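Below are the chains, spelled out letter by letter.
2 protein chains.
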Amino acid sequence: MDFPRDPSRRRLLAHGAALVAVTSGAAHAQTSPPASTPAVPAEAKPFPPYVAWKNQSQMIQHTATTIETKRSAYGTSIVTPADRLYIRNNLPAPDASIVNDRDGWSMAVEGVRSPRTLTVRELKSMGIETTATVLQCSGNGRGYFPSKPSGTKWQVGAAGCVIWSGVPVRSVVAALGGLADGARFITGTGGEKLPDGIDPKSVMVERSVPITNLEDALLAWEMNGEPLPHAHGGPLRLIVPGYSGVNNIKYIKRLAFTAQESDAAIQKTGYRISPPGQKHSPSEPSVWEMGLKSWINGPGPDTGPVKAGTVQIHGVAMGGMQAVKRVDVSIDGGQTWREAKLVGPDLGRFAWRQFVLPVKLEPGTYQLVCRAQDVKFNWQEETTPENSGGYLNAGWRAHGFSVTVA
Amino acid sequence: MDFPRDPSRRRLLAHGAALVAVTSGAAHAQTSPPASTPAVPAEAKPFPPYVAWKNQSQMIQHTATTIETKRSAYGTSIVTPADRLYIRNNLPAPDASIVNDRDGWSMAVEGVRSPRTLTVRELKSMGIETTATVLQCSGNGRGYFPSKPSGTKWQVGAAGCVIWSGVPVRSVVAALGGLADGARFITGTGGEKLPDGIDPKSVMVERSVPITNLEDALLAWEMNGEPLPHAHGGPLRLIVPGYSGVNNIKYIKRLAFTAQESDAAIQKTGYRISPPGQKHSPSEPSVWEMGLKSWINGPGPDTGPVKAGTVQIHGVAMGGMQAVKRVDVSIDGGQTWREAKLVGPDLGRFAWRQFVLPVKLEPGTYQLVCRAQDVKFNWQEETTPENSGGYLNAGWRAHGFSVTVA
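Taken in sequence, the protein lines are chains A and B. Note that UniProt numbering has the first sequence beginning at 1, numbered continuously upward. Note that UniProt numbering has the second sequence beginning at 1, numbered continuously upward.
Just chain A, same shape as in the assembly (with noise of 0.2 Å):
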C-alpha cells in the first residue's frame, strides 16, 4: 500500500499544470518544490477548467464530464476530498456565475400548500442539518459487467462518502404548511442550461423518488465543511440518501412534490434497470436505492507490488438504505473467508464504514475479494444480473483482483 503524496503540492501542480495552457511559461509558477512524479501523467488529458482544481493525478479522466477517482486514492479516513470526489454531469454545468451570489440562488417549491419560491438565504433561515452519504454514480461497476454495457466503463471510482449540511427537506415542508394532497413522489429539477431547439423534456435533468424520502433528504449547500463547489451542485443540491447519484439534483431550481413522476426523460425511460439489450421503458424499476456493496482499495490492482509479509487489507462498505454490519475478506476468490474489523467513526446508515483485516501474505498471488453484510442480515450478491444499461452494479466477485506478492 503506497498512499499517495502531498494533496497541497498535487493541487498547486494540477493548476500548475492549467495554467501551461493559458500562460507562457509556468515553470517557475510552482510555490513548492516539484514533485518527483508529475501530477498529470503524460498520457493524460489536462481536465476541463470547471474542475481544473481537481487533484488530477488521482483520478481517471474518462470524459469532459465523467471523471473517476482511482481505486488507490480512496484514503482510510472515511470521507472523500472535495478535490478527489468523482464528476458525472449529465448536462454541462451551468455557468460558474452562479455561485457568484450562493445565498441569493432560488428554487421553487410546488406541492405544498403555500408554493412560492425560496433564495438560499431563506432556506437557511429555516434549519441546518448534516448526514453523510455515500454519493455514488448509478453506473459505478459498470466496466465490471462481462457484456460491457454501453456508458462509461467505471470502476469503483465514481463514489465517495461526503459529509453535507444544508436543510431538511421535511423542514421547508413544514414551512410552507405541509405537503399538498395527493404528494407521492418527491420531483427535483436541475438548474442546467438546456441546449436550444430540442424538447427540453428530452434532456433536462429531472428526477423523482418516492416521497418516503422526505424525512432523510436534504438541501445542501455544504459538503465537507465548505460551501458547495460549484462542479458538485452549488450553490444548491438535493441530496437524498442511500439513492445513487443522478437523483441527487445539481443546482436544484424546483422541487416538487408531485402525485406522479417526472415525464422528462432521464425518469421516464431513462435510469430503469431493463433486461441486457432492450431499451428501457417506464414499467421497469428506477434506478432508485443503492445496493449494498463493498470493495477493497489496499492492496490494490493499481498499489504497484506487494512485499510479503504482514499486509493491512482495507476497503469501504457501504449499505444501501441500511447500515452495514460486517465484512468478510477472501483472499483465494472466495473460497475461504474471514471477518474484518470495521474501524473509524460510524457516520450514520447511509456512509461508508471503512474495513482493515491484517493478513500475513508469502510470495503468490491472491484473488482479494470481500462482501459485505447489512445490519438485516442481508449480504451482498455474489454477482448482479446484467442490465441494458449497466447500472447498480454491486457483485463482490467482479470487484476482485489479483494481486502478486514477492
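Calculated directly from the structure, the hints in this document are not laboratory data. Please note that a few of the clues may not be correct.
It does not matter which identical chain is meant; a pair holds if it fits inside one copy or across any two.
[Claimed, not checked] When the alpha-carbon atoms are kept at most 30 Å apart in a straight line, the in silico BS3-like pairs for lysine-lysine are as follows: (1) 253 <-> 360; (2) 253 <-> 307; (3) 341 <-> 325; (4) 360 <-> 193; (5) 268 <-> 307; (6) 307 <-> 201; (7) 341 <-> 201; (8) 45 <-> 201; (9) 325 <-> 360; (10) 376 <-> 279; (11) 193 <-> 341; (12) 360 <-> 201.
Bear in mind the structure is a predicted one, so any value in this text is a computation, not a measurement.
Take the given structure of chain A and dock chain B to it, following the hints.
Chain B in isolation, oriented as in the chain A frame:
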C-alpha cells in the same frame, strides 16, 4: 449567516495571488470566472509558500507560522477541511522535500523491548485505525483573556475537527515486544531542522504525555482522506486525542517510552499553567488535556448584519477527554438559556459536535453565548482563570459576542 463562496475558485485565486509574485502577468491565469471579492484582502499579506495552498480568504494570518480560521469560515458539516485548518508551528517546517518519499520517512522507537527504527512503509503493515479529534492550539482563545498575555491573540480559529488515519501507537508497541520497564510517558520528537549554534534542548519540539494515552494515540499519515499535508506534519504525525496541539508532534522522528518527561525547554518550562506574570516552572501543570468548550460560529461577530426573523444559531462543542452531552445557548448574555440540538454524525468523544438552535429575533442587540455540558455532567466554566501563557481559555462568557438584528 452568509457562508463563504466556492472554495475551488478561492483556492484557484489564492494560487493566482501567490503566483502574482513570481509571474509577470497572472491576470489571465484564472481558469474560472473572477470572484466578486478578492481572495486576499488588499491589506492582507499573502501566505508564505508552504501554506500558499490554503484558502486565504477564510483565514487570519498573524505571522508566517500562526494562521487561524475565521469564525465565519467554520461550516456546519463537522470536519474542518485542510485548506482552512489553522497553522501553528513552533519551528519553521522542514523542507517540503520530506514528503517526496512519504513511505521512506523513518522514526526511531525507544523504550520498548525491541527498539528499532521503522519506516512509514513498515508502520503501514502494523495496523490501520481512524480517529476524529479536535486539533486545537494550546493558546486558542488567548485573545479573549482580559490581561492580554503575550503570544498570538488567537480567537476561536486555532482549532479544527480532523479525521486522522494511521497506526495505533499500541500496535507499534506490541510489534516491538511491549513497553520496557518503567515507561511512564510517551515522548515524541519532531523532525524540524534546529538552528545552529544554540542548545538544541532550548528549541527542539519534544513533548511528553502520560503513558495512559497509549490506548488512543495514533501515528497518522492521513488527514481527511488525503495524505497528511506537509504543513500539518506530514509524512507522519503523533496524534494524542484530547490533548492540545503542541502534544501532537509533527514530522515525528523519534517516539520514546520514557521514565521521565522530556527535559527540552518546550516541555520543562514551556506550556505550563503558571500564575499570571510568572515564568513557567516544571512543577506546574503541563498543557495536556483540553477542556470542555463551545462557541457560536453563526451568526457571528464577522457575519455582517442579521435580518430579523428566525435565525439558526449554530456552533461547535468539544468535551476534551469526554463526549459532549448537551449545549445551551443564551441570547441575553447568560441570563436565560435554551437547549440547542446536536446535529450530524457523532464522530466520537474526541471530535466536536455541531449544535443548532433556531431563535426568532426581533430588531435589537443580542449578546450571544453558549455553554456545553459533558457526559460526566460537568458544565463549561464561565471564566477560565488567567495564566501567564494565556493557555486553554475555555470560558463561555469571553467567547460570546453581540449581534445587531435589523
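* Asked: Any of the earlier hints contradicted here, and which numbers?
  -> 4, 5, 6, 7, 8, 10, 11 and 12
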